[in-house]
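**Q** In case you want the letters, here they are:
Number of protein chains: 2
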Amino acid sequence: MVSDSVDHPPFNETERNAVYRVIAERRDVRRGFLDVPLPDDLIGRLLGAAHSAPSVGLMQPSRFIVIRDYGIRKAVHEIFRAANSRAAGSYSGEQAERYSGLKLEGILEAPQNLCILCDAGSERGHGLGRHTMPETAIYSTVCAIQNLWLAARSEGVGVGWVSILDPAKLRDLLRVPDHLTLVAYLCLGYVEGFASEPDLERFGWERRVDLKAVVSYDCYSEGCAP
Amino acid sequence: MVSDSVDHPPFNETERNAVYRVIAERRDVRRGFLDVPLPDDLIGRLLGAAHSAPSVGLMQPSRFIVIRDYGIRKAVHEIFRAANSRAAGSYSGEQAERYSGLKLEGILEAPQNLCILCDAGSERGHGLGRHTMPETAIYSTVCAIQNLWLAARSEGVGVGWVSILDPAKLRDLLRVPDHLTLVAYLCLGYVEGFASEPDLERFGWERRVDLKAVVSYDCYSEGCAP
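First to last, the protein sequences are chains L and G. Sequential numbering of the first sequence, starting at 1, is according to this note's numbering. Sequential numbering of the second sequence, starting at 1, is according to this note's numbering.
Worth flagging that the hints you see were computed from the coordinates, not collected in a lab. There's no promise every hint is true.
Which copy is meant is left open, because identical chains are indistinguishable; a pair holds if it fits in one copy or across any two.
As the list claims (entries may be wrong) - Below, in silico cross-link-like pairs of lysine to aspartate or glutamate (EDC-like), each with a Cα-Cα straight-line distance of 16 Å or less: (1) Lys169 / Asp40; (2) Lys74 / Asp218; (3) Lys103 / Asp41; (4) Lys103 / Asp199; (5) Lys212 / Asp69; (6) Lys103 / Glu15.
Keep in mind it's a predicted model, so treat the numbers as computed, not measured.
Okay, chain L solo, but in the shape it has when bound (with noise of 0.2 Å):
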């Protein structure tokens, strides 16, 4: 039952290759988007991606708005400068004139966003796995979202995640109901390019840390704090 895998040759050295080459060059992209539609059977791609992640108990719980409406984007435009201009309230001197500086969003320069939701308490995959640790159905939804940013930037094209927003004005706008979970906001779509390196450490924000500083072996360690 289980040697069902003759079908899978292993994944060669070119293919492996382009894995870790998605993962090293998969960048948050808040600028640069060129003002072109991504074409329909693309985006279904790319929400194909997503639909094929994990879930816990199979429960699938992910559902997906895409929102190409100028009028809708405009208004999800005015509720992210509002928090905008709440958060660069929270900085003072240096950091604040830096914080001010950055590029957040490309909301409206994006032809396409996507907000993606969770139904965490579906009854799909009858509770499996989620006895104990329940906050996996919206991990689920996650990892959906990482498979469609690696999928986009194999197809060119860049995404970044806002959550720079008031969630519950959010809701209202898209009208999404009470039971469901709102996980992310995203936008989408052909860029310029993509940088080398995360904008938050091309402008000076945050350094990366080594990889060395955050693993333990069969206990966590205390030094194990950047």
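Start from chain L and add chain G according to the hints.
**A** Okay, now just chain G, sitting in the frame of chain L:
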């Protein structure tokens, strides 16, 4: 400043197919682990893939515990057995029979396990993106898990996510400090093969739903509920 993308040619068709292939052929593996330890450099590549994941504000909150010690895995397995026995008691009739026939973890068979934590309160990233949606810190760690899962598949390494565990007992065992969130416990190892369908579908627990059933346009549509 943006056009530093000259080093990044588009993904060619072979590379793009490899990305979609790894997404399609990734499985949640609970059986068929081989008693062959993964080399250190391979584990390093997998952790590197996880560590390259997007993170809100570039905070990189993920922490990893690589567990190879058999005594610790045995103790984790006991925690699983207790939780699974309670979970099994919540089903009745035919469903209870089906549940008891499922193999849901490979804690002892897989020569290495991996516990993944999140330092959600870290000052790294200076709170950027977390004023409105602080849950994105933990979501960053879930993105790291999905990166690792895909990299592992391309290396012929099976990964299984075990959520049938009492988080408090697991934290005690692995000496996880209070300020870290326990996000996931994985089993990792070389495997006999990868199945074509999810185990839970093969063994009649749940069926996958059609993508069309989970997509809306511009606003959430009520029909979107499989």
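**Q** Using 16 Å as the alpha-carbon threshold, which applies to Lys74 and Asp218: within, between, both, or neither?
**A** between (50 Å within a copy, 12 Å between copies)
**Q** At most 16 Å between alpha carbons: which applies to Lys103 and Asp199, within, between, both or neither?
**A** within (9 Å within a copy, 44 Å between copies)
**Q** With identical chains, the pair Lys212 and Asp69 could be close in the same copy or across copies; at 16 Å between alpha carbons, which is it: within, between, both, or neither?
**A** neither (45 Å within a copy, 20 Å between copies)
**Q** Classify it for me, Lys169 with Asp40: is the Cα-Cα distance of at most 16 Å met within a copy, between copies, both or neither?
**A** neither (28 Å within a copy, 48 Å between copies)
**Q** Could you figure out if Lys103 and Asp41 sit no more than 16 Å apart (CA to CA) within one copy, between two copies, both or neither?
**A** The answer is neither: 30 Å in one copy and 37 Å across copies each exceed 16 Å.
**Q** Are the CA atoms of Lys103 and Glu15 at most 16 Å apart within a copy, between copies, both, or neither?
**A** Neither, since 34 Å and 30 Å both go past 16 Å.
When each numbered hint is compared with the structure, violations occur for hints 1, 3, 5 and 6.
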